[in-house]
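Can you build the whole structure from these sequences, using the hints too?
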Amino acid sequence: MKLSTKHLLGIKHLSQEDIQLILQTAADFKGVLQRPVKKVPSLRDVTIVNLFYENSTRTRMSFELAEKRLSADTINFAASSSSAAKGETLLDTVQNILSMKVDMVVMRHSASGAPHFLAKHIDAAIINAGDGINEHPTQALLDAFSMTEKFGSLKGLRVAIIGDIMHSRVALSNMYLLKKMGAEVMVAGPPTLIPTYLTEAFDVKVTYRVKEALAWCDVANVLRIQLERQNQPLFSSLREYNLAYGISRTLLDSIGKSITIMHPGPINRGVELDSDVADGKDSIILQQVENGVAVRMAVLYLLRPTPQ
Amino acid sequence: MKPILSQQQVLLTIKRLAYQILENHLQLKNTVLIGLQPRGVFLSDKIVSELEQLVPPSSITYGKLDITFYRDDIHKQLHHANRTEMPFSIENKEVVLIDDVLWTGRTIRAALDALHDFGRPKKVELCVLIDRRFTREYPIAADYVGRAIDTFPNQKVMVYLQNAQNNERVELLENGV
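In the order they appear, the protein sequences are chains X and H.
Per the numbering used here, the first sequence starts with residue 98, numbered consecutively.
Per the numbering used here, the second sequence starts with residue 2, numbered consecutively.
For the record, the hints were derived by calculation from the structure and aren't laboratory data.
Some clues are possibly wrong.
[Claimed, not checked] In silico BS3-like pairs for lysine-lysine, Cα to Cα no more than 27 angstroms straight-line:
id, chain 1, residue 1, chain 2, residue 2
1, H, K123, X, K136
2, H, K124, X, K103
3, X, K165, H, K157
4, X, K135, H, K3
5, X, K99, H, K157
6, H, K77, X, K136
7, X, K276, X, K308
8, X, K354, X, K276
9, X, K136, H, K124
10, H, K65, X, K99
11, H, K77, X, K165
Written as structure tokens, this is what we have:
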């Protein structure tokens with residue numbers, strides 16, 4: 098029982114069996130999290146560094162909690178308050194940390210491919226917690242876990258990914274995962290935020306009309322507009338985006354079927370999602386966050402170092 | 002291959018273990034039976050169905066415990082986890098752990114650790130179908146033993162209880178063959 102990979106750099110490199118193993122192990126850890134003592138000693142002898150070169154609330158806390166629930170020792174690193182601000186390179190920083198006998202690296206970086214670069218130079222297991230606009234594998238896994246929990250299986254499930262597809266690592270990881278597991282995917286958003294070559298790379302449907310995507314799907318995974326990654330204006334204003342692509346209660350009601358609403362967070366209320374939809378009965382946004390800890394425990398457990 | 006228990010012997014032994022547990026835990030009022038995943042559960046299922054003939058089924062508290070995340074060998078090898086089902090408190094209860102084979106004692110050590118995370122039992126006992134004597138690596142002994150046997154480390158005890166329609170048996174394999 099083993100993953101086919103030493104690192105978790107992206108969903109792209111995982112097999113269907115890997116994904117199934119992670120989701121199944123996550124279900125077992127979810128059971129652990131419902132016990133009176135929400136902790137197991139599995140990673141007692143493992144030290145993990147959380148290397149966050151980019152801001153994060155959910156992912157960092159979720160990883161840290163997962164590590165603690167597995168009894169690992171953890172150290173945290175935030176780029177803004179570290180020697181990276183003095184000009185130290187990524188590789189130097191990591192090699193210095195690893196020389197203090199650290200076994201695993203959880204990394205978020207604004208440069209796409211940063212964890213892949215690191216994997217070529219160091220031995221420790223690397224878990225990608227989001228790299229630029231490339232991948233965010235644990236988010237896709239927890240999305241898959243949450244959907245499986247609700248629908249039983251991903252096979253044949255219709256998932257719409259709505260919003261800023263161009264700049265979203267969540268969208269890319271989700272597309273890889275959903276297609277590998279046999280789900281159907283439609284992406285929706287303004288033409289400026291959907292890569293033109295997308296249909297050549299993936300077997301996904303593309304629409305520029307949100308209503309069409311909603312009418313088609315069982316699940317709508319709504320993404321945040323990533324203004325921090327947009328170097329030029331790609332739509333005229335947030336208000337206009339909300340009017341054309343935002344999901345409101347009125348829009349959902351006009352479709353007349355129940356659609357499960359997901360969002361990786363942080364939500365910009367009133368932009369991509371209105372509050373009464375985000376907090377409504379079909380929203381599983383908070384369950385996603387809850388499942389995140391179990392999924393990350395599974396990933397850490399399955400990638401734990403084995404002595405030579 | 003050397004037979005240890007025939008089908009008739011397995012069924013009689015399980016019946017005896019059920020009676021012995023009942024002897025020490027009359028009415029099973031404050032008692033909790035816990036089968037260890039995965040293979041101990043096949044034995045505990047059978048013991049529980051024996052007990053259901055002897056006491057009202059509602060008085061039996063029965064759970065299943067998976068100890069995968071508590072193992073001391075996960076740095077060598079990862080095992081598949083199984084479902085833990087313990088929808089009750091073990092606080093101040095008399096727990097009977099049930100497993101098929103007691104060998105090194107490491108599984109039971111891990112089970113005691115796992116149990117501890119569910120509360121503080123008043124007492125913990127151990128019930129096994131086969132006790133491989135003189136091979137213990139921890140100071141652990143069983144309270145209820147189906148059959149005690151002497152084995153070499155390279156021998157393997159095979160217990161066939163699940164899906165063994167009328168072919169339940171225990172065998173000893175030489176060098177794992």
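Here is how each hint holds up against the structure:
Taking the CA atoms of K123 of chain H and K136 of chain X, the gap is near 22 angstroms; set against the 27 angstroms cutoff, the hint holds. Restraint check: the Cα-Cα separation between K124 of chain H and K103 of chain X comes to about 43 angstroms, which exceeds 27 angstroms; the hinted pair is violated. The suggested pairing of K165 of chain X with K157 of chain H is violated, with an alpha-carbon distance near 38 angstroms, which exceeds 27 angstroms. The straight-line distance between the Cα atoms of K135 of chain X and K3 of chain H is roughly 44 angstroms, outside the 27 angstroms bound, and the hint therefore fails.
Between K99 of chain X and K157 of chain H the CA atoms are separated by roughly 25 angstroms; this keeps the pair inside 27 angstroms, and the hint holds. A C-alpha spacing of about 21 angstroms is found between K77 of chain H and K136 of chain X, which places the hinted pair at or below 27 angstroms, so the restraint holds. A distance of roughly 22 angstroms separates the Cα atoms of K276 of chain X and K308 of chain X; the hinted pair therefore holds under the 27 angstroms criterion. Under the criterion of a C-alpha separation no larger than 27 angstroms, the hint pairing K354 of chain X with K276 of chain X is consistent with the structure, at around 24 angstroms.
Restraint check for K136 of chain X and K124 of chain H: the C-alpha separation of about 23 angstroms stays at or below 27 angstroms, so the hint holds. This hinted pair checks out: K65 of chain H and K99 of chain X have alpha carbons roughly 25 angstroms apart, not beyond 27 angstroms. Between K77 of chain H and K165 of chain X, the direct Cα distance comes to roughly 22 angstroms. Compliance with the 27 angstroms bound is thereby established for this hinted pair.
Going down the numbered hints, you'll see the structure goes against 2, 3 and 4, while the others check out.
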